[in-house]
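Engineer: What follows is each chain in one-letter form.
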Amino acid sequence: MAEGKLRNITYAQAIRTALREELKRDERVLLFGEDVGYYGGVYGATVGLQKEFGEDRVRDTPISEMAIAGVAVGAALAGYRPVAEIMYVDFLAHASDAIVNNAAKWRYMSGEQFRLPVVFRSPGGGGAGYAAQHSQSLEAWFAHIPGLKVAAPGLPRDARGLLKAAIRDDNPVVFLEHKAHYTFKGEVPVAEEVIPLGVAEVKRSGKDATVVSWSKTLTHALEAAETLAGEGIDVEVIDPRTLQPLDMATILASVGRTGRLIVAHEAVEFAGFGAEIVTQVVERGLDLLKRPPVRVAAPFVPIPYSEPMERFVIPQPTDIVAGVKRCLG
Amino acid sequence: MAEGKLRNITYAQAIRTALREELKRDERVLLFGEDVGYYGGVYGATVGLQKEFGEDRVRDTPISEMAIAGVAVGAALAGYRPVAEIMYVDFLAHASDAIVNNAAKWRYMSGEQFRLPVVFRSPGGGGAGYAAQHSQSLEAWFAHIPGLKVAAPGLPRDARGLLKAAIRDDNPVVFLEHKAHYTFKGEVPVAEEVIPLGVAEVKRSGKDATVVSWSKTLTHALEAAETLAGEGIDVEVIDPRTLQPLDMATILASVGRTGRLIVAHEAVEFAGFGAEIVTQVVERGLDLLKRPPVRVAAPFVPIPYSEPMERFVIPQPTDIVAGVKRCLG
Amino acid sequence: MAVKDRERLLHFYEDMLRIRFFEEQVRDVLYPQRLFRGSSHLAIGQEAVAVGAVHALQAEDYVISTHRGHGHAIAKGLDLQRMFAEIMGRRTGYDRGKGGSMHLADASLNFIGENPVVGSNTPMAAGLALAAKLEGNGRVAAAFLGEGALNTGAFHEAANLAALWSLPVLFLCENNLYAISVPLDKSSALQDLERRAEAYGIPGRRVNGMRVMEVYDAVSSAAEATRERSFPSFLVFDTYRFEGHHTSDKQTYRTQEEALEEFRQRDPIHILEFEMIDDHTVPIPTTIEYRDRIRAEVDAAFEAALAEPWPAPEDALTGVYAEGGE
Amino acid sequence: MAVKDRERLLHFYEDMLRIRFFEEQVRDVLYPQRLFRGSSHLAIGQEAVAVGAVHALQAEDYVISTHRGHGHAIAKGLDLQRMFAEIMGRRTGYDRGKGGSMHLADASLNFIGENPVVGSNTPMAAGLALAAKLEGNGRVAAAFLGEGALNTGAFHEAANLAALWSLPVLFLCENNLYAISVPLDKSSALQDLERRAEAYGIPGRRVNGMRVMEVYDAVSSAAEATRERSFPSFLVFDTYRFEGHHTSDKQTYRTQEEALEEFRQRDPIHILEFEMIDDHTVPIPTTIEYRDRIRAEVDAAFEAALAEPWPAPEDALTGVYAEGGE
Ligand SMILES: Cc1ncc(C[n+]2csc(CCOP(=O)(O)OP(=O)(O)O)c2C)c(N)n1
Ligand SMILES: Cc1ncc(C[n+]2csc(CCOP(=O)(O)OP(=O)(O)O)c2C)c(N)n1
Ligand SMILES: [Mg+2]
Ligand SMILES: [Mg+2]
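Going line by line, the protein sequences match chains A, B, C and D.
Here my numbering is used: position 138 in the first sequence is 138, and no number is missing along the way.
Add 329 to a position in the second sequence, counting from 1, and you land on the number used in my numbering.
Add 658 to a position in the third sequence, counting from 1, and you land on the number used in my numbering.
Add 984 to a position in the fourth sequence, counting from 1, and you land on the number used in my numbering.
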């Protein structure tokens, strides 16, 4: 893609840009959730949209996650393209009946009579001192559910481009943002850009090891890669961008070159999504890897509140550096 | 353990036996859920218990999964040992706030001030023609949550022994039964038997390959092992019995001997729990395995209703036979 | 009686018979012959609610149903043969065999489908109604729910939201006195079910669910109000399920006498027949003709469905995702 | 005024000041100096509810709170120093630094804790009440909730169950008119909040939440009824939060005048002071003495907490599971 003019904006602004562009483009796009209207979202990702598009299309809801998600499913079945916000990933628990039992399955179990163009946006992750009930990373839950697509952008550009694709997609997309990342800045094209779901991107080329990472942890991986470069270690960093569909081809091609795989994510390691990537690689052939794969992820504990503990639990760039070195042997 | 007298009973009867024994043993054990009281449970696992122990201790609830699970958490905090039944695993979605956000985390985030002796029983799985919304296998969701323990017994004996341990445990346990398995029969000791959580069992010794499997699929794995034995292939079948804690030592010891790993489960393969086991093995060393690991699990689709399709989607003994052969190369 | 009213009544009668005979076919033929899998939840006894309510709606109105939805489907005009085909898992069924008895849907008839997750259809109905309201197309969305579903958080959230946003939703609650085995007095703190939506400013109305014209009249006026004011309505129909919760329910929670007595006194089809005969709408032989004709129609649909092809195992792999988008 | 009543009132006054000064310390010192992380939800303006309600309960009664729970905690008798220590993430805090502002708990005082998942504490309260009822120990379980929480499915399910099972629960709803930015009229279909539990047969009562004695009296009689009849009560307290939703809320959804005007007219501490001075319970200098003393107590607790040790990073790894069992 030819690079046009770029703007340096935050992750929140990137989300907002995508929402605004899509609300403009298509009258059937709706936005609702707690505090997304007048207030503009607790992280500012929807500021001004109610004013611009009116209360009919951009709505505040009561604290009713089951209804927020269920209404979105209903409106999608009637041909609208709702974007429902669930204020924290942790409360996707409340919304999961509508997402997992209804949105994901309605098309299949009706023999393809319906389309479900609905997006469930929700910020996850820790690092901001919100403690155990407001810091989870649950991508593994939703990636496990046939019928859903799952996006977890790490850079503003991807956040904007993937969200536009998610809104245009005729399938339910769980769009996972990161609450400690909304102020993170990056270059985003001024021109329209839709980034297809299911296409990984090599964010940094390298020959010594392949690091796969997404969401906020991706930026840690890129930082780690710089540190490692200073020590003469040249890692490739791949961002799958969406976990479902998962672009294994790009990962496999890279691992085929480097022979080393590190997966870094903020979610708990045990039964986390990293295991899927590792497994898909080794299923293809044990000889793809020169060394055992390494996961850099949270230990098996809830997210603690206090900073020393939270920092310890959430993978940091230094942990990824150490993980890469462990993998290099 | 010295084998005393055995009885041949169904999986449902084994569950009922455990519940009855524990209700008898400890007055603080409570049982509630939809239709568990007068009716005795839609799968008959609680028949007669209300009559024996009274309506105070064995209660029917309204269709209120959030409340069922939340009440259980509250009663546990006050020192009771509730066993809450959620009628289908799919509706653990409704109960997941109480289970995942409260039960799993209350101890940790209060600095260990509380104990949470609560069990959430729920039948999952397909094979009975209940279609997409009543057939899911979601063990990967709960195994991913620090603070929870997860049991998934495949044999009546384990169902009884593990449920007793779960009730006695001071931590929340998600106890996953299998709805198409309640009539499955097996030998269960007449004498009391408590099977500790976190201890795998080698259900069949063998030297050519290690098959790890649980819940109903375990019985398919054992059937597959017999078929393979007829062809001169001698597989070891390991039942982890609980996925959290996960007894990797037993699995690793077996894989160390056989050099081949097959994980078979009914849940969707993608981001399923099998990936965690595969990953933990290859993290320990790529040379543990002579051949790439193999997963035998459901493809990435919701469970369809009609028999030919449902049989095709749910791993059968023949699929495990084929998986083992694929692994043997 | 005006000719038009007489025709309407006979039309209701036909549909009620259609439901009854369809369900009897499931109970007496499909179940014993194991022609379907899982469970099938029969609506025998609740025909007047399905027929009276759905016929009070427009064809464009959305209907979203429950696990006990064969009656709603038939009243909405679904094809019996394709329904049987689906229940028997055939490729030609409504859902290509992927849904079965609990997931019948016909998008072309605005029968959004059955949702057997109790209560879970109510927020969806609010979403359908939101779409109708934004579209300004004058449609309403009707959600059926059992009295057991009143206790789900989903219903509460949906009702509050629907009232708050002034959405044209009809919450149609069929009080058949049981949720599986649990009787009403063990599930709802309040027995005046019509008051269960007052907390959201939605006045409720209790209706005899065994008299099809009463149901029709009540839903007609509720639908009119809901359509005009764009505001939810809540109706509770007193009815009874004469069969078990599903086809293999042993019904230990009630006596056979209770069910029989209810049947003798409250069967909505008998009630309608008596009335029609009594007021000379139809003579007895005509009711027999109707019964024979509809029975034959149901039988023919069943026989035709029975001959239909099975899906291939690999058909399971398609249809999870829609291609494309905008 | 009887001596006992006077003492009680002064005790309430002290606790209200404790809450106010504690929260001001969080707002004016901890927040600008970044001594805590995440967000802290202040209860300034809602002191009369916390104090009047909690003091109407027995020490053995369970209290389960919300994200806005510092006031409830202080009223229940939690130690200010350990509260500050927790909020500042110290090892000596109530939760060993693992919970923070939103998860304060003291098992020994039957303060089960704050549950910042909105509505999620209400089924837990029903569970605590079930335990009390089975135990026959005469305890009640009180759940605080905001008016925004009334719209959660959890509350609905809990209220129905509590009424159905006749559980001794007090649902104490603090109507501070906002849920984050969303005003009451955009969240609840019905504005007569006291009627939100009628659907479960629980009569509601609306109480001026700015007058501590009115709160105390209302909760005292509700608690007595709930304890004796073993049946839930539902109270709605009209109050107001003078601060933002949390410490970093920009409050664009209301004018500064609104908050100021409310404060001038409805500050529960001013109201109490005026009354006490007016009826000669205390002379003005005494109120100043009280203020100084409590302020000093809060300061001292804060200073002491500030000196307390941090947890080690690896402390994160312990305390997930309890050892053993039965
Ligand atoms: C959320 C949820 N919980 C439990 C069930 C299991 N279940 C299926 S039907 C039913 C009873 C429903 O009762 P009611 O709403 O009165 O409808 P009826 O069966 O009487 O038509 C239950 C508990 C379910 N399908 N969904
Ligand atoms: C289930 C859930 N949804 C959303 C949130 C985010 N949230 C935190 S506080 C709050 C507003 C609560 O309003 P209210 O119940 O009136 O209490 P108040 O803050 O006014 O004390 C919201 C939406 C949450 N914590 N839990
Ligand atoms: Mg019913
Ligand atoms: Mg409020």
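No wet-lab data here; the hints were simulated from the structure.
Every residue, glycine too, gets a C-beta built ideally from N, C-alpha and C.
Some hints could be false.
[As the list claims (entries may be wrong)] Sample of chain B residues facing chain C (criterion: CB under 7 angstroms; computed from the structure):
(1) 382
(2) 458
(3) 635
[Claimed, not checked] Listed next, the stretches of chain D that the computed footprint assigns to chain B, with coverage defined by at least 3 CB atoms under 8 angstroms from CB atoms of chain B:
(4) 1070-1079
(5) 1093-1100
Engineer: Against each hint, give a clear statement of whether it holds in the structure.
Structural biologist: Evaluated hints:
1. 382: Violated, because the Cβ-Cβ distance from residue 382 of chain B to chain C comes to roughly 17 angstroms (cut-off 7 angstroms).
2. 458: 2 angstroms, holds
3. 635: With a minimum Cβ separation of about 3 angstroms from chain C (threshold 7 angstroms), the hint on residue 635 of chain B holds.
4. 1070-1079: holds (count 3)
5. 1093-1100: holds (count 3)
Comparing the model with each numbered hint stated earlier shows that hint 1 is the single one that does not hold.
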